[in-house]
Amino acid sequence: MSTIESPRPAVILREAAKPRPRWQVILVRPETVTFLLLIIATIVATRLSPFFADLGFILESSTYYVEFAIVALVLTIVIISGEIDLSPAAQMALSACLFGTAYRAGAPIPVAILVSLVSGLAMGAFNAFFITVLRLPSIIVTIGTLILYRGLAQVLAGDKSIGSFPGWFVGIDYRMIGIVPVPVMIFIIASVLLGLFLGITILGRQIYQIGTSEVAAIHAGIRVRRIKFGLFLASGLTSSIAGLLTASRLGSVRYDLASGGELTMVLIVMLGGTYIFGGRGSILGTFLAAWLLVIIATGMTVANIAINAQLTVMGLLLIVSIIATNAIYARSQR
Amino acid sequence: MSATGPLVSARGISKSFGGVEVLRNVDLDLMPGEVHALLGENGAGKSTFSKILAGVHKPTRGTLSLAGQPVEIPSPIAAQRLGITLIHQEPISFPDLSVAENLVIGQVGARPLGRVRWAALAQEAKRLMALLDVPIDVTKPMRGLSIADQQMVEIARALASDSRLIIMDEPTAALTPKEVETLFKIVRRLREEGRTIVFISHRLEEVRAICDRVSIFRDGDRIETAWTADLSDAEIIRRMIGRPVADYLHRGTSHVGAVALSVRDLTLPGRFEGISFDVRKGEIVGLGGLVGAGRTDVARAIFGVAPASSGTISVDGKPVTINEPSDAIALRIAFVPEDRAIAGIFRSLPVETNITAAVPEKIAPRGIIRRATEKLLASQSVEKLSIRLASVRQPIGELSGGNQQKAILARWLLSDPEILILDEPTRGIDIGVKAEFYDMIGELAASGRAILLISSELPELLALSDRILVMSEGRLTADIPRAEASQEAIMFAAVPRSGRHTVSGAAA
Ligand SMILES: Nc1ncnc2c1ncn2[C@@H]1O[C@H](COP(=O)(O)OP(=O)(O)OP(=O)(O)O)[C@@H](O)[C@H]1O
Ligand SMILES: [Mg+2]
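Sequence lines, in order, name chains A and B. Each step along the first sequence adds one to the number in the UniProt record's numbering, with nothing skipped, and position 318 is 318. Each step along the second sequence adds one to the number in the UniProt record's numbering, with nothing skipped, and position 27 is 27.
With the rest of the complex left out, here is chain B:
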């Protein structure tokens, strides 16, 4: 690697937004054929740096050179021409176009008036998706794909572009181990071909598995670049957040009470079938499974976003009808969706408005908004979840991905729910805050709340759950008590074995 010069060298890169400096004098070299991790807390500047490389933002100061030549990257298209592709943290796609069409959008070299060869296009799309080993129908519209599937399409699009530098901004945040493994296989192959990969993730074990070097960012400074093998996890964490992170200790399952949420035979054809389970007060029930197993669909059905076509839901032992989310909220159910960009944030509205969106009665008891109350509630949440921002009146779209996620969590914690459904709640949240968040969830359970936790991160499921349900192809395939839970047990139940659904209806 030392024989050739760096593919990219960034020198003195700084970036300010509206007077606030978010990157300061960043120097960084990316070598050909290396996988380089960017690590750092939420809001440290990883995405901003990536976007500068990909021509989305212009640096306020500093220079870039590519293969030794100084370059300007004025736009994403220019970046594409130079062989730089960015997989965005929030998948941005055209929801009404098909997966295949999304895959080829933005391909440089296509003639604007050239005929579109649909058959060839579909063929190519199928080939790309096959590389990734994900069963997505390429003729279906993007709308309705899960976050993980959208992420896979983004990855496929990057592969199709044949770039020298591929930047992956938290590509694995919603993926389960199986998809992550596939992705890693591809990354290794790209590395062998001599391409450069920038890999952003908050999961250290992934960084260890795949990255040659790491660069650690803190508050807009690049603190250090080192070989991955030369740093221990503790050292990385200390450089990232300046203090050690306590291990999350499971609080034990002593205070489990009456059944709070109970679903029986919930069915939505094509999505899930015969789902039955209970969640008790004080209990954290994990829901695991592979991408596309139908976990999110079950959660959306319970919350009334897309109600099931048959089956019953009971809250505190009484059967209830939930036709839309407002019904669920009236029953003190809260739901943190996985797809924060679409179902979570109001992008152009202030952070405070976003945080208080689900508690109108708290900020406006008589219909008139009390600004002071609203600001107070929002500021308290900001402090509690250490959301990094310039002002609570700032549009939430200006926050980093992880900080947006924290704001959505804050919204639902404010609503003081009895039943809390969390769908990938820590997607994109850094290690420091994650531990605090786990504590908060533990405390909520300890105070008698019922919690249903969907997560693709097995360590998270294992650490938090009292019991783990596993779904595969729309059915429940296992109900694993805490004592017997292990990554292997979950994956065993999660992997589809067609025609073998023995443990369906795993209710206690």
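Just chain A, same shape as in the assembly:
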């Protein structure tokens, strides 16, 4: 008990022993759960319907969800930063209605597109003002603006749809790059870019730090409010782009465009293993979750499962994914 003569080595060797085995670090991650679910869903769907062996079919049927998935990418970053934005679907509607109204009023399409993009930025800035300057909780602010933006869209466009856009603007979901529809391509490229942004840039790093502990981030000199402002702007801009994609796919706009979309977006982000309280999550997870959703939804449609049952399955999935995510994070805390 008294072997205290030998001085301690300069570097503590035993402490430098193995951390967790690498396979465990890789396997026990929420994205892995999403990936496994994706594989299972694909196998089941292929059993249900022979169409499913066809990649082209899946890609084509994904264009509806892909619009929400693009916004979900930005929403992922917002949630990692410790905030939430529930207004993007309403922003899609209002910006698309502004686009339609501008076009109907005689503006050329490029000008109308510009109007829509600027309105997206403005709506994002409006959210950001309440959240970062007045420091109100984002969940309350964006529930408010979700109702406000949707209401404005209805006031602006009435109950009728605005349409008859020129042919070249309509049907972007049928334009292909190889076998990939343009919106899907946009989603893939945006995933790569935002994944890199979050993964290798210092700003991405700081967003994780803010979400982990805002107080500590402020003390470390991170410009928390500026970064959050930027994120809400990005959310607005992305929503307006998604709104334009929807307008092109439908060939018309109405105030109820993308209605209920905020839930789909949150569903995708949560399925991807992003932690609702911030600080953890990844674009890869959201990317995989979007495909999981596409496979499940189209699989069930092909198998003639009623829409109500589909919703039930989605709800169950959401709960399972949240439990899995929390369990994994709690495990890594102990």
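FYI, nobody ran anything at the bench for these hints, they're computed from the structure. Computed from a predicted structure; not experimentally measured. The reader is advised that the hints may include incorrect statements.
What the hints assert, rightly or not - Covered by chain A, per the in silico footprint, the following chain B stretches (three or more residues, Cβ under 8 Å):
no. : segment
1   : 325 to 335
2   : 338 to 345
3   : 354 to 361
4   : 366 to 377
Stated by the list, open to error - Every beta carbon over 12 Å from chain B, so not counted as near; a handful from chain A, in silico:
no. : residue
5   : V215
6   : I218
7   : V224
8   : A303
9   : Y329
Quick reminder that beta carbons are idealized off the backbone N, C-alpha and C, glycines included.
Assemble chain B with the ligands onto chain A, guided by the hints.
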């Protein structure tokens, strides 16, 4: 004491985290009515052992018995039922609840649907705080209390629980001598009542003052248990770290240069008033005072966390506006906060990310993070401050308290500041590293940095400072040159004498 058996006996306790063994075959007996110190370097396993006793962690191997009966302690609630209370190293509280509510949370025996008697609750809370002789308004929310006050609330909560075994994990780390004395009075009374106290501290003089026996841990082994009186300080230190620690020698104040930081009439109503002082290049200015005197508030105001409502701050003779910390950092000011758990660490992020958080331009000159640079910087810091860890990619929350503190110090040393504000920088840091850290601070000053040091540890203030400012009730009450500084002089100026603030505005 020998007539009765031990209250707790631990046999062969081992604990591993993810393959790394942090406690190895620890045998320990705790007697009724004794105050038992756990000593050891940062990361030696003191907190882990305490948490095993308190049901927070399960031992990988080994058995515990309580009053002769073998027991399992599966959860903190079970520990409470068995009469074991742990005062955590990092106070964990519910920041939005009031002090009174925090005091009664987790009390076993309350009926879940029973009516809460608010008046009785507040009464009881007041009584407990009065025992501790600290003027905390029990109806105020926990949020906004200083670390020391939070610590006092934790202690009060433990007293309220009427436990047989109370484990205090570094309760005094942020307390000044006055509060420590109050705490000791209470500990002595608890001992007389036959309770067992486990006391963890890095301050040997406290251990001498209060502890009957000491157990020394090193690298997860319990090296020795002995009567406190039978071991000299040197022997204790040698067993703890395996080598003697050199005394810190003050380097003298020869190279003091121009004024680097100057504040005039800084005021934040309710917190501090009319604060004016200068810190020169190459100078270490100590800031002493009792808990709640407003020292931390002044530091936070200078760094822009909670700016003052009036008064001016100048850096290198030029007036500056500091609205948020990023402004201060741009002026090459660094601030090590006292509250590392909340304002310091990013708990779930890797150690390397934590260490490099304040130097984005060093690890990502063009916005893209250079992993190799980051790892190098982090590893260098780890070595320099001997931070004990398994890997720099490990979440910082898995490090021991003292090692987390070292990582935060490393963060700000990396930022290469011109003006360094340290708020309880050595809170929870062991004796060996403390001496090295003092040397580092001395060197920084010698190379022309201006340093403002807030510390509740008077020997630390006296050893390091060229000049000591003292605050009491939000005002500066003394500016003591090194030659005249003594514990008595500091305490004399620190103790509030209502209506007697003669030396305010102690600027040179
Ligand atoms: N949850 C955890 N996961 C992994 N390692 C841990 C965990 N908790 C503690 N450790 C490791 O166990 C060792 C002992 O830590 P412990 O907190 O008991 O030290 P300590 O003696 O209390 O030190 P200090 O004086 O710094 O408070 C450290 O090396 C620490 O990194
Ligand atoms: Mg500890």
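The hints, checked one at a time:
Counting residues of the segment 325 to 335 of chain B whose CB lies closer than 8 Å to any CB of chain A gives 5, so the stated coverage by that chain holds, three being the minimum. With 4 residues bearing a CB less than 8 Å from a CB of chain A, the segment 338 to 345 of chain B meets the requirement of three and the coverage assertion stands. Only residues whose C-beta sits within less than 8 Å of a C-beta in chain A count toward coverage, and the segment 354 to 361 of chain B has 3 of them, enough to reach three; the restraint holds. Under the rule that three or more residues need a Cβ within less than 8 Å of chain A, the assignment of the segment 366 to 377 of chain B holds, with 3 such residues.
Not every beta carbon of chain B lies more than 12 Å from that of V215 of chain A, the smallest distance being close to 5 Å; the non-interface claim is violated. The Cβ of I218 of chain A sits about 6 Å from the closest Cβ of chain B, inside the 12 Å cut-off, so the non-interface label is violated. For V224 of chain A, the requirement that its beta carbon stay farther than 12 Å from each beta carbon of chain B is not met, with the minimum near 9 Å. With a minimum CB-CB distance of about 41 Å to chain B, A303 of chain A clears the 12 Å threshold, and the non-interface call stands.
At the 12 Å boundary, the C-beta of Y329 of chain A falls inside the reach of chain B, the nearest C-beta of that chain being 8 Å off.
In this structure, the earlier hints numbered 5, 6, 7, 9 are contradicted, and the remaining ones agree with it.
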